[in-house]
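K.L.:
Just so you know, the sequences run in chain order A and B. According to our numbering, the first sequence holds residues 1 to 325 in order. According to our numbering, the second sequence holds residues 1 to 361 in order.
No wet-lab data here; the hints were simulated from the structure. We put the CB at the ideal spot given by N, CA and C, even for glycine. Treat the hints with care, since some could be wrong.
On the chain A side, residues computed to face chain B include the following (Cβ under 7 Å) [claimed, not checked]:
| # | residue |
| --- | --- |
| 1 | GLN42 |
| 2 | PRO210 |
| 3 | THR280 |
| 4 | MET283 |
| 5 | ILE284 |
| 6 | PRO285 |
| 7 | TYR289 |
| 8 | PRO290 |
| 9 | ARG293 |
| 10 | ARG299 |
| 11 | LEU306 |
In silico DSS-like cross-links for lysine-lysine, where the CA-CA straight-line distance does not exceed 27 Å [what the hints assert, rightly or not]:
| # | chain 1 | residue 1 | chain 2 | residue 2 |
| --- | --- | --- | --- | --- |
| 12 | A | LYS40 | B | LYS187 |
| 13 | A | LYS40 | B | LYS321 |
| 14 | A | LYS79 | A | LYS36 |
| 15 | B | LYS321 | B | LYS45 |
| 16 | A | LYS36 | B | LYS176 |
| 17 | B | LYS31 | B | LYS45 |
| 18 | B | LYS227 | B | LYS164 |
| 19 | B | LYS187 | A | LYS36 |
| 20 | A | LYS139 | B | LYS31 |
| 21 | B | LYS288 | B | LYS312 |
| 22 | B | LYS208 | B | LYS236 |
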Amino acid sequence: MLDLNEPLASLLQVLVFPGLTFALIFVLFMVWYERKLLAKMQLRVGPLYAGRFEGILQPMADFIKLLFKEVIVPKQADKFFFLLAPTFMMAVSASMLALIPLSASQVIADSNVALLIIIALLSLSPLTIIVAAWASNNKYSLIGGLRALHQMTSYAIPMSFSILGIVLMSGSFSLLAIVESQRSSWFILLQPLGAVVFYLAALAELERVPFDIPEAETEIVMGWETEYSGINYGIIMTATYIKFYALAVLFTDLFLGGWLGPAPVPPVIWTILKTLLVVTLMMIPRGVYPRLRVDQMLRFGWTGLLPLSLVNLLIGLVEIAYLKL
Amino acid sequence: MSEVTLNIGPQHPGSGHFRLVVSVDGDTITKATPDPGYVHRGVEKQAEYREYLQNIPLLERPVISDSNGSVYAYVLAVERLAGLTVPERAQYIRVLMAELNRIMSHLYWLAIFGIFLGHSTMFMWPFGDREAVIDLAQRAMGTRLTYSYFVPGGVRNDLPDGFKDQAIRAIEFLEKRLIEYNAIFMKNPVFLQRTRGVGILRTDDAIKLGVVGPTLRGSGIDADARKDEPYDVYDKLEFDIPTFPNGDCYSRSLVRLEEIKQSIRIVRQVLEAMPPGAFRARNPSVLKPPRGSVYTRTEAARGTYAYFITSKGDKTPYRLKISSPSFRNLPAFEFLMRGSHLADMPTIYWSLDYWPLEADR
């Protein structure tokens with residue numbers, strides 16, 4: 001927890017662990033892990049040469065390459081907002097890290113409305129995307145941006161509804177309290193439907209397969225990222241993966257009991273292990289499914305996930321009434 | 001939102017060298033105008049300046065994914081024009097290689113369909129498994145894609161020793177993989193959602209538009225030159241023409257997968273029935289066919305591939321006309337895309353297995 005009486009320790013928490021540096025290292029690991037996992041599924045080798053072990057430094061090498069590339073701003077683009085958008089995106093993603101605890105002590109800021117703030121930040125991210133798309137002043141970017149806007153707004157609602165049951169059971173919006181109230185039983189056992197809805201909505205929020213519609217490369221080049229290259233693209237990718245990491249930890253805290261686990265393993269390691277499991281589960285669809293169509297995705301969100309999240313809430317209420325939680 | 005015109009291509013990541021001018025109103029395509037010709041190289045005219053044998057490498061260049069299928073009809077036409085006889089072994093070898101090429105082409109099609117649908121595993125698996133057939137082809141014909149293997153009067157060289165065993169191993173491997181493809185790609189719920197009921201080409205529309213090949217068979221018509229006008233030894237072999245009645249992208253996909261199975265069946269029979277003997281008739285290397293015209297058609301991987309050749313008794317053809325399946329399927333673009341979603345554009349596009357080089361020639 002952030003303590004203003006100890007400024008150095010607080011700074012270390014924000015910048016090193018569990019803050020930015022740890023998140024960035026984890027993100028680089030995630031990129032490598034995703035490429036390797038996908039490669040194994042597709043009977044390929046994947047990254048192999050950079051780094052001593054199985055090309056583990058490949059994402060780092062890619063990032064450095066992006067760092068040295070020329071920053072290209074299209075002539076017709078709105079330069080100020082075009083360059084601002086990646087930073088904006090990064091800020092929104094990184095802010096989420098502050099509120100998501102890795103263990104009871106490893107949290108930068110806990111608040112009794114932490115979950116609400118996270119949801120607010122998630123609803124802010126389509127705005128950053130539409131800024132990027134609009135500032136690019138490109139047809140493909142605009143279509144991709146509008147698709148992203150549709151997708152994220154319609155999936156943010158089932159996502160928020162899917163965690164209402166948990167909030168009722170634990171009686172708090174604070175993530176620390178939510179994890180502590182899972183001592184008797186993880187919420188994934190009490191709210192399995194909520195976990196499924198949250199998982200699918202998170203996939204859509206992150207624009208991951210089968211919901212990677214805003215970046216459908218065969219129709220609209222790269223969607224809203226089309227005009228970005230070099231380090232701006234690198235920042236966008238990092239921001240996306242930080243959001244991915246944040247949502248995976250959030251899933252762990254909400255449904256998998258966070259850092260709760262048998263004693264000899266430290267709590268932080270439990271969180272990281274469970275997060276890795278969630279990350280793997282979120283990556284596997286990329287090797288299994290094609291991309292959905294935008295209208296099918298919206299129909300699935302409004303007529304599939306939204307009612308399911310409401311049913312889940314009802315189940316939660318029944319459980320509270322009969323199990324005396 | 002008012003109408004927006006999008007240029008898909010001519011150098012778009014998915015479409016190959018071909019431009020599609022698409023007008024969209026929201027997410028609905030109001031007009032799709034194909035604009036072929038970006039990779040037109042005047043193959044037909046070039047062919048008039050080359051001897052009959054020299055034309056083979058030229059004519060297979062437009063269709064590198066199915067190069068045997070594209071010169072098959074040419075070789076048959078020259079043979080008929082010059083009155084050459086072909087040894088039976090050569091006929092069997094040609095059928096064998098044409099079918100292997102068909103398998104290769106359909107696997108390539110499946111792989112690129114994966115790209116168009118955003119399914120990266122569907123791209124990697126068939127592309128990797130295609131290597132089994134390519135290795136086979138390389139052993140027999142010397143190169144991976146452009147073989148120049150069929151010549152008037154037979155084939156260029158005989159099969160190497162041990163080819164039969166290698167071929168059996170390869171097709172057994174493919175048969176195993178096809179079962180997995182069926183389970184993972186064809187029965188995938190998202191794949192079904194994306195392809196079933198999308199781009200429906202009804203039987204009467206298919207006939208009116210004059211489409212050919214798997215596109216036509218996907219609309220429920222069992223037209224196949226291998227059965228309708230058997231050439232070489234196709235009439236001695238047992239195989240079925242798969243058709244599916246729905247005419248949507250899913251039917252067209254199933255036709256191609258089923259055709260791979262039928263090709264494997266043909267390859268098995270050919271390997272068993274292959275007689276010994278000469279692989280090529282002794283012919284002069286510079287052919288001078290007598291005056292006359294001839295039209296031949298064969299079933300290449302993408303559909304009916306036909307040649308019309310006129311000879312004036314010279315060592316070069318006087319006129320050579322190619323009718324390629326991709327060009328025949330081009331009218332279906334405009335017809336199928338009007339009124340569909342923008343996101344269905346790639347699905348419809350590749351379900352027709354359009355190969356810009358083949359259409360432009």
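K.L.:
So which hints don't hold here, by number, going up?
P.N.:
Going through the list in order, the structure violates hints 3, 4, 5, 6, 10, 11, 13, 14, 17 and 22 and respects the others.
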